[in-house]
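K.L.:
So the chains spell out like this:
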Amino acid sequence: MHPSITAAALLALVAMAAPAQQMGDTTRTDSTARADSAARADSIRIVREIEAMSAGASADTARPTTVSAGRSGPVNPRLLPDISAVGDIVGDFTPRGSTQEDGTRFGVREIEVALQAEVDPYFRGDIFLGVNDLEKVSIEQAYLTATALPGALEARVGRFLMPVGKQNTTHRHDLHSVEYPWVVKSFLGEEGLTGTGLWVSRIFAPFGFYQELQVAVVDRFGEDEGDLRTTEPVNEELSALGYSARLRNYWDLSEASNIELSGSAITGKRAQPLVCGVDALSCIGDDGEALGVAARQTVFGADFTYRWRPLQQGLYRSFILQAEWMRQVNENDPRIPDELALTGAAYAGQRGSRSGFYTFARYQLTRRLYLGARVDHLDSPSREEEAGGSLNAQSAYLEFFPSEFSKLMAMFEHVDQSGMELAFPDLGPSRRANRILLQATFALGPHKPHPF
Amino acid sequence: MPIRIAAALLALFTLPIAPVAANAQLKVVTSTTDLYDIARAVGGSRIRASHIGEGYQDPHFVEAKPSFVLKIRDADVWAFVGLDLEIGWMPLLINGARNERVRPGGSGYLDVSTAIPLLDVPQGKVDRSQGDVHPLGNPHYWLDPENGKRIAHLFRTRFSELDPSGAAQYAANEKAFADRLDAAAREWADDLAVIRGKPVVAWHTSWRYFAEYTGMNIVGFMEPKPGVPPSPSHLAGLIQTMKRTGAKVIIMEPFYDRKMADFVARNTGATVLVLPPSVGGEKGVDDYIALMRHDISRLAGAVS
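Those protein sequences? They're chains Z and L, same order as listed.
Going by my numbering, the first sequence opens with residue 1, and the numbers climb by one from there.
Going by my numbering, the second sequence opens with residue 1001, and the numbers climb by one from there.
Isolated chain L (complex conformation) (with noise of 0.2 Å):
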């Protein structure tokens, strides 16, 4: 009985993983649509992509399923936001995929905000009392064009170097991808013109790095402290600031509970915009630049 049973186990540990299809493409995989849909642009036909988090979906609880697991367990790159946004769940899936090449120090780890430039990064003693902070600095970059660039650059740096021989193609599709950006930039630089000083509320620091790029300005948050939920009085005070600064819209995720931004909406004769901050986060909005083309169209007619 015990050699039958160690032979079972044995016969289970030497199982093939599964089913292996030939193909030469690099698998990518992404913590969220946003850098998936980069990658797509930049990689083309030489990559196979997929994503873990999805657009309507708050990056930063998203559940380690096993299934993800799987995903992650044949990557040759796995690109992630960074800057602690998946740190609730990322590890749980890195270590449990049994992956070198995408464990720290592999050559398919790719930390993404390695190539932006910060905001929000803390000055001075860090600690929860601040709420749910990022230490090293705020991690929702990719609602910035500008980012949008760099992320493309280093996929293409990356892919390069893992797939040297598609190192030209990797460089086109780069460019057309930052030409199809700018292209696209020149027609909502009216509606920039539009947003440029206008008074906004934020749900969550989410929304920093679009408004360096659209020029809103964000006098106030809903949330007290990121991550934590609107308390009364916050919303006292809250309600005060929009009236005085003119406030007229609240910008806010598809993934949070707009009562509360109905109630100060009420009380201040603003309007709730809920926008999604990465691709897929609403139907038609299926690509970068169609994210950002729809957010900043919104944004532009809620404060005009």
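Next up, chain Z with everything else stripped away, as it sits in the complex (with noise of 0.2 Å):
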């Protein structure tokens, strides 16, 4: 059977699956409302009751203040976190092959263990723990965010997602496509970037709008490049640390309606290959991991997200209109360590600037189905091979919400590529590649906020 057909017969069946289930299990009775509403009751009249009696004997505290029934204690007598859990499972039936980085047809994407809880009255701690088959278990996002600062502030120390940019904030389960966009992907990582360090934010609205300022000082820009290594350590100087800033404008247009504009951007050093001299092992570390160059990366940007969703029909009608465009600018010759220099080994990095942006827009079919499209585009980076070169996507989404905690999604996505590397070189030589993903998401535990 062509791969297709059968992405498409799988999709239908895993939609059918939710709905049949809903229709298995409609169980309640018109006797089982009658015996509850009963049950109910009983305990009301007790109440009522007890207000009577206490209206007997005292006009003026007539009325209780607190539990009169059903809250006699605390609701968490052990303190213990919100503990949560979201599985995120991918299948790739792209026809010339799995796109995924584990080559995988079927794959676990990423298991993410979420652990919150009010610290003390003056801190709250989040832990977010990832666990997938390639990275094992991953610190994801770790947080100690101080509640109680005056003037609007909060800080947060730990590892976080970083804030820059609009989709790189929100986390990869949550979004509205199976994958960040491409501009997201190349510049900050395919998982987003997250930062450990210091982050800390201020509202204000002398203007009358939200605005919210967040600025962020982290180890690194990025993470730290398993197979390159640099013979100094990119953070030795405290310019070379990532630091980053993205300054928030929220306006309501109506009831319905409202837009963000922000702007970001984040600095810092990077690891930056080298193409060795003469002597070829003079670029290979002790431990065998190649030696590269920090190089100062810089990326600015801009995002714009319309929203529209009428309250009354809130449930079943919204729409979202979504672009961001970003800036990557590059250390053209960073200093070569001497010993390196000498052997003749030269900078091999990006050079230059890039630019990539996308534009996204999901509307709202019906109250538990949307259906989404996005358009992509990125330039090459700029080495001297691939100048001139760009990747184009453009990509469909079709998501369906059985309920709050489960999210079933099918994407198409065409990719069309000249003069750069192949983003996809198991697919063979073609510059032109058309994927089909499924997505399946759950979540397990309380029940967390919406992301806006």
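Calculated from the structure, these hints are not laboratory results.
This structure is a prediction, so every number in the text was calculated from the model and none was measured.
Hints are not guaranteed to be accurate.
What the hints assert, rightly or not - To give a feel for the contact side, a few chain L residues facing chain Z, derived at Cβ under 7 Å:
no., residue
1, Tyr-1056
2, Asp-1058
3, Pro-1066
4, Gly-1088
5, Pro-1091
6, Gln-1169
7, Pro-1254
8, Asp-1257
Note that beta-carbon positions come from the ideal geometry of N, C-alpha and C, so glycine has one too.
Combine the two chains into a complex, taking the hints into account.
P.N.:
Structure representation (structure tokens):
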């Protein structure tokens, strides 16, 4: 059977599964409702009798002020944190082969386990652990938030999603697309950009609308490059740490619609590759890792989000239009350590600047069904051999929510590249690729707020 | 250049948050219009009240817009229904507002459900196979006027604690509100007599407290489980139930799509009664007593 037909059949099966389950569970009967009603009415009557007796005793204290029934003790007497888990399962039915990092057709892309609680009157703690087959267990985020600061300030210390761009501040499994946009994946990372350090934000409204400034200083811009090691740590100098700032501006256009227009930037030094000189071994480290050099990289950008959700029909109709543009600026000729420069090693990392953007729209068709589309553009890395190249992609999404706690999504994407390294080399030499992905996510545990 | 950037950031961090209006009123923000109206009735001119959700909106699904954060940021009191009704949006607003007064444990954090005798507190194991259950109990308690009085008393107590000089006025306002409610209840007593015992179907469990007060007998729900949209097999069973019990009214909120209710009504000869569940849910329903009067009167007319 043709792979796309198989994919379509599978999608139809998973989309039908939830309503079928629901139809099979329609066991609530009128007698149950009546029994519940009678039982609860008893407790209500008792409370009313007590109140009536109190009224007779003292007219001024006629009504109870606190718990009367049903709330007779603390909700969480053992002070346990909220524990929740999100499963993110991806199926790749791309006709010419899997486009997943691990080459799987079906994979548990990630399980995210979250522990969240108030630490004390001054701090809240949030821990998100990621579990997947490639990285095993990793600390995705772990931060302490100071909640008692004056002046509308909030501070975090730990590891967090960097406040750079719009979509990067959303967990990947909460996106309305299966993957981050190409510009986010390329400039910030496949799983978004996290940083470990200090985050401070302040909200203000001197002009009558919501504004928020978020600044962060983190150990480094991006993750430690596992297979590329610099002779000097990239964070050796304070000026080489990762520094970011984001200014959010939000306006209500009407009761049903609003826009957000924001700008952000991050700068820091990142490890970049070298080409070896006369002695090829000279740029291989003692532990076999390739030696690189720290070079400054800066990413800045702007994002725009328009939302529409009529309040009375809000369960059934909504629309989002989002666009984000980013520009990456690279240091052209970073200093190469003398011991490598003497061997003739030369800089082979990114140079110059390049841009990328995406535009995403999503319309709600029914209470549970959403249709989305995205257009992506990405300039090629500014290396000589790829100068002038680009990647363009168009994708469509069908999102189905059986409930607030589960999501099924199908994605079709057409990718067209020119003059740059292939995004999916395993699919063969063609510059064009059609991808079909299916995603199922589910959430266990306490009800989490809906991302805005 | 870096120094200039740092100076600009510092300037933004030290900007005044917003123009501050000098007044001694308590700033009260409520999650729903019902709490807002009762708070106004009790607080009178000593408070400045505002609300987040609208009466014609499903209170479970309010968007946590940043403009709401600004409202809560300056609040002295944040009053909410509780029992996880606002769980999908309230944490974002409370955390975003950075206002210690309205965080859990703060002087202005007011979970109104603590004053209410509750219905539908689940017994035994609770999980999401039961739908979008509220493990702490049914949160739609404001639709019982007795609970309206309890809410008013809770507001009086909290406002008096935060603004002791206004205690006498809060007490007088609370009494006046309760008296108006009692007077209105005497007016609609005949309607209650008509409603009592009549079988009806409700869309969601939001009408359980209303049923306790009015005596209407909910024989089934349009939703097979709380928060789960109607399925064909459930509706088929519900139609049989309505025929067997003689239920001739389907009560639903204005924010649900009435197509399914109309379908059931066509097959049972019933009437679909769209009732506002909250103040402002329909034009002219501008305060709490008007809401109760409107809903009771409409229901009595439909079942008679």
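K.L.:
State for each hint whether it applies.
P.N.:
Results for each hint:
Checking Tyr-1056(L) against chain Z by beta carbon gives a least distance of about 5 Å; that is within 7 Å, so the hint holds. Hint status for Asp-1058(L) relative to chain Z: holds, with the closest Cβ pair at about 6 Å, below 7 Å. The criterion of a C-beta within 7 Å of any C-beta in chain Z is met by Pro-1066(L), whose closest approach is roughly 4 Å, and the hint holds. For Gly-1088(L), the shortest C-beta to C-beta distance to chain Z is roughly 5 Å, which falls under 7 Å, so the interface hint holds.
With a cut of 7 Å, the hint placing Pro-1091(L) at the interface with chain Z holds, because the nearest CB-to-CB distance is about 5 Å. Given the 7 Å rule on beta carbons, the hint for Gln-1169(L) is violated: about 16 Å separates it from the nearest Cβ of chain Z. Proximity of Pro-1254(L) to chain Z holds as hinted, the smallest CB-CB distance being about 6 Å (cut-off 7 Å). Against a cut-off of 7 Å between C-beta atoms, the interface hint on Asp-1257(L) holds, since the closest Cβ of chain Z lies about 6 Å away.
When held up to the earlier numbered hints, the structure conflicts with hint 6 and nothing else.
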